[in-house]
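Visitor: Spelled out, the chains give:
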Amino acid sequence: GNSVTQMEGPVTLSEEAFLTINCTYTATGYPSLFWYVQYPGEGLQLLLKATKADDKGSNKGFEATYRKETTSFHLEKGSVQVSDSAVYFCALRDYKLSFGAGTTVTVRA
Amino acid sequence: DAGVIQSPRHEVTEMGQEVTLRCKPISGHNSLFWYRQTMMRGLELLIYFNNNVPIDDSGMPEDRFSAKMPNASFSTLKIQPSEPRDSAVYFCASSYQGNLGNTEAFFGQGTRLTVV
Numbered sequence: 001g002n003s004v005t006q007m008e009g010p011v012t013l014s015e016e017a018f019l020t021i022n023c024t025y026t027a028t029g030y031p032s033l034f035w036y037v038q039y040p041g042e043g044l045q046l047l048l049k050a051t052k053a054d055d056k057g058s059n060k061g062f063e064a065t066y067r068k069e070t071t072s073f074h075l076e077k078g079s080v081q082v083s084d085s086a087v088y089f090c091a092l093r094d095y096k097l098s099f100g101a102g103t104t105v106t107v108r109a
Numbered sequence: 001d002a003g004v005i006q007s008p009r010h011e012v013t014e015m016g017q018e019v020t021l022r023c024k025p026i027s028g029h030n031s032l033f034w035y036r037q038t039m040m041r042g043l044e045l046l047i048y049f050n051n052n053v054p055i056d057d058s059g060m061p062e063d064r065f066s067a068k069m070p071n072a073s074f075s076t077l078k079i080q081p082s083e084p085r086d087s088a089v090y091f092c093a094s095s096y097q098g099n100l101g102n103t104e105a106f107f108g109q110g111t112r113l114t115v116v
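Protein chains in written order, with the numbering used here: chain A, 1 to 109; chain B, 1 to 116.
Just so you know, the hints here were simulated from the structure itself, not pulled from any lab data. Idealized CB from N, CA, C, for every residue including glycine. Please note that the accuracy of each hint is not assured.
To be verified - 35 Å max Cα-Cα, derived DSBU-like pairs, lysine-lysine: (1) A:LYS68 <-> A:LYS52; (2) B:LYS68 <-> B:LYS78; (3) A:LYS52 <-> B:LYS24; (4) B:LYS24 <-> B:LYS78; (5) B:LYS24 <-> B:LYS68; (6) A:LYS68 <-> A:LYS56; (7) B:LYS68 <-> A:LYS52; (8) B:LYS24 <-> A:LYS56; (9) A:LYS60 <-> B:LYS24.
To be verified - What follows is a list of derived Cβ distance ranges for each label pair: (10) A:GLN45 <-> B:ASN51: 20 to 30 Å; (11) B:PRO81 <-> A:GLU16: 27 to 37 Å; (12) B:VAL116 <-> A:THR71: 14 to 24 Å; (13) A:ASN59 <-> B:GLN80: 38 to 48 Å; (14) A:GLY29 <-> B:ALA2: 43 to 53 Å; (15) B:ASP57 <-> A:THR28: 19 to 29 Å.
Take the sequences, apply the hints, and build the full model.
Guide: Right, here's the structure in full:
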């Protein structure tokens, strides 16, 4: 079946550091790919998405490119802020939505 | 639209009691998901409905759990009898699935269930 594997955390960074969270997937067909973010005590919010190969999703300084050849959708941000501290989930959707395990990111001032 | 609405936000109940969690999806969405989140197991898909029909319930842990979607604007997740190991945050999410593609899923704020 379809599945998502993402980099385990936790990840701790200093403000203005570069962030990468790796995500790879296994799927039949051509799923849509997503990154969701969960702030403490809240539900999941969509951060960005890509619906086909070579699409780049971007939002709030975060980017991820749908790489079919490497079956990857790595999340990147060039300069993180304390407010980026959260749990990040990679997900794919064919008919149902499957999530990775989540990566906890803590950004220190 | 107010987004996906879940109730209650918090529920504390005694072991053995019946618990019912409720979800109102976004109007116009035809797919609905129930997830459970715990520290140990992360985010688990319990059941997925499309056009009010359960499509995949393979994640429902056992017979104590049941879910219904009587119409496009309402779903329930019931646990009877509840046990302490059911303590978790339960999320409902909805999306649109159609021939032209699928939208992303929008999540509710979750119901934090504590079974004592």
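Visitor: Would you pick out the hints that fail for this structure and give their numbers low to high?
Guide: 11, 12 and 14
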